[in-house]
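Colleague: Chains as they are written, first to last, in the working numbering: chain X, 1 to 332; chain P, 333 to 638.
Note that these hints are calculated values from the structure, not bench results.
All C-beta atoms, glycine included, are put in the ideal place defined by N, C-alpha and C.
There's no promise every hint is true.
[Stated by the list, open to error] Part of the chain X face toward chain P, derived, beta carbon under 8 Å:
#: 1; residue: Leu2
#: 2; residue: Gly11
#: 3; residue: Leu12
#: 4; residue: Gln13
#: 5; residue: Ile210
#: 6; residue: Thr213
#: 7; residue: Ile288
#: 8; residue: Ser310
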Amino acid sequence: MLRINLLNNKGLQDEDSFIDLLKIDSSAEQPPIISSEVSKENKQKFDEIKKNLDEKSSSKQKRKKKKKKKNVKPKSVFFVAFILALATAILYLYFFTDVPEIIIEKMSNIKAAVNETKSDSISNITENEIVNEINVGQSIADQIFQQSKDLSLISGVLELLPENVQIIDFNLKNDNLSIICIVQDIISGENIKFFIYNHNNSFKPELFYIEKTEDAKNYQITSLTKILKNNINPNEYKYLNDKQLSGFIASTGENLGLEIEPLTISKRDQTVARQGFVYVSGSKINIINFCRELVSQKINVSYNDLEIKSGEATSGSSIIELKIGITIFPQK
Amino acid sequence: MQWISISDNSIIYGLCEKKSYNDAISRIFKKNLVVTADSLSFSLELKKQLKSVLAFFKHDNPADRAIAISIPANKSRIFLNKIDSGLANNEINDVLNWKIKNSLPNTENLFTQHYFIENEDNSEESRYLSISIPDDLRKVIVASVVKFYFEPVLMDLGIFSAYKLLSKSFPLQAYEKWGVWNIGKENQPQNLLVFGDGIMSFISFAFNNASDITVLQNTDPEKYDLQFIKDLINQNYSALNFDKFFVYTSSPNNIFVQNQVDSANQMILNPLPILSQQKVHIEQKFLTDKLGVSQFSEIAGLITRF
């Protein structure tokens, strides 16, 4: 009797092979979190998997270090670059003092974030207090819930845009969603209008018109809409630390085949609310799915503002660039 | 022991509960998968629903963490290959891999296994069943299971599990050939497995662009019914040459199919006798009609493997 087991190894199966436990590659996901409910036997098996993953990651890191050593540049170049960077930083801080300083997690590639969820280090630059904008009176769960809803609405609008859309402006700031884009047919515009006007509880349209472009070939959609706040039931949310969060965002993006930049977080201290940015680019449908995946997970992150641009088209399919400003909340 | 049977539009799952030292019962549940046609949507929805199924299992905190899973056969590509006898194992593997590489446009993201099939005659060729599934799908399932501290022990294809159920339920007479049909959404026959003394052939039907089987390039929805299958059988295709056929569905609201299957050699597969023998209980709401019950064929087959 043929006994199929797709958990066995690839290739030719032994006639008697049936169960070949745990010869499986779980590298697609992060290693599991240890739980007290698990039996000792299971723990040992998962430890083995974890160990294998660690070995892989450490060998990767060694390779990376070797590569880094090869790329040594003359000291003078570093000196000039340092002076320029310092001058830029001073000017930046002088003119835009209310903008948080951005510190980037030095993950040299996304794969490392997905497989290892180990950020090597976080640069230690002066930490400014950036919590001012966060409404302390409102519960964190409320904010997460509301802003997840916003992101979900945005992905709904985005889904209605055709593949060949030319986005001029698409951003959400302070509950105002502004869209200016050019489409080839009027139906796409009508669809968006219908979507916005029929979400009475979510949108308050302030301006919406569709007009022919100057060359009379295409249509320009201009829309300004306020996203309304609903009465919210406070929801529980799951806390992810920075490593887990960057791993989650990177793996979500990578699973969808998106180009994703390392997560940018404003400061190291995880006990206060901090801001960050997520940058991804890819096809429209994957961006939509990315937003939905983020929204579906109730984690300690709210999505404050959002900006979408048309990126460079590659081999016939258009690319969209998405930037989301996030607030990362501390553990309850 | 836990079982998860995944189909295109649902997850059927069950767990064994020990009531006392020598008394255990099992219960089966069902969740729908709301997916569009693309594979990404399937993968995302599957991940989400698997998570909730595994959380449900975990809530019970079972001592036995083993999980057996079946995945829909139409996510796989299956080939029956013949190669010369007398080759070494590594050579057989290379030849079979080469054959698969030449048969499929892109094999990079596929996970492929080859199984030896015993010959019906004493020919000089050996037969192998090669199964290829998307590696991503396999990884999504395995990683989800491992994350919840369960132990994946078996991954089967749904229709092969149904075949196991059938071979347990009915003794096959010598030289008989039987077919198992899996009917999917909108009366479409999805997969057919023909077996006699072992597996004889497997056919997967693709109706979208009908690239797989030219004879099925018919866009008339009226034709997607069992009459269509019967017509096919009457056309004497060698692959469809069998004595009895059994139908089961993964989309139980398929009344049209039910009315068509009524004779001694055309039956709806019934998993209930085997399930009650194994003390497996199904929620009353699913026990509507024969076709509704047949959706539990794959999980019943999975249960019979242990």
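Colleague: State for each hint whether it applies.
Modeller: Consistency of the hints with the structure:
no.: 1; hint: Leu2; verdict: 6 Å, holds
no.: 2; hint: Gly11; verdict: 5 Å, holds
no.: 3; hint: Leu12; verdict: 4 Å, holds
no.: 4; hint: Gln13; verdict: 5 Å, holds
no.: 5; hint: Ile210; verdict: 28 Å, violated
no.: 6; hint: Thr213; verdict: 32 Å, violated
no.: 7; hint: Ile288; verdict: 11 Å, violated
no.: 8; hint: Ser310; verdict: 22 Å, violated
Checked against the numbered hints above, the structure violates hints 5, 6, 7 and 8; every other hint is satisfied.
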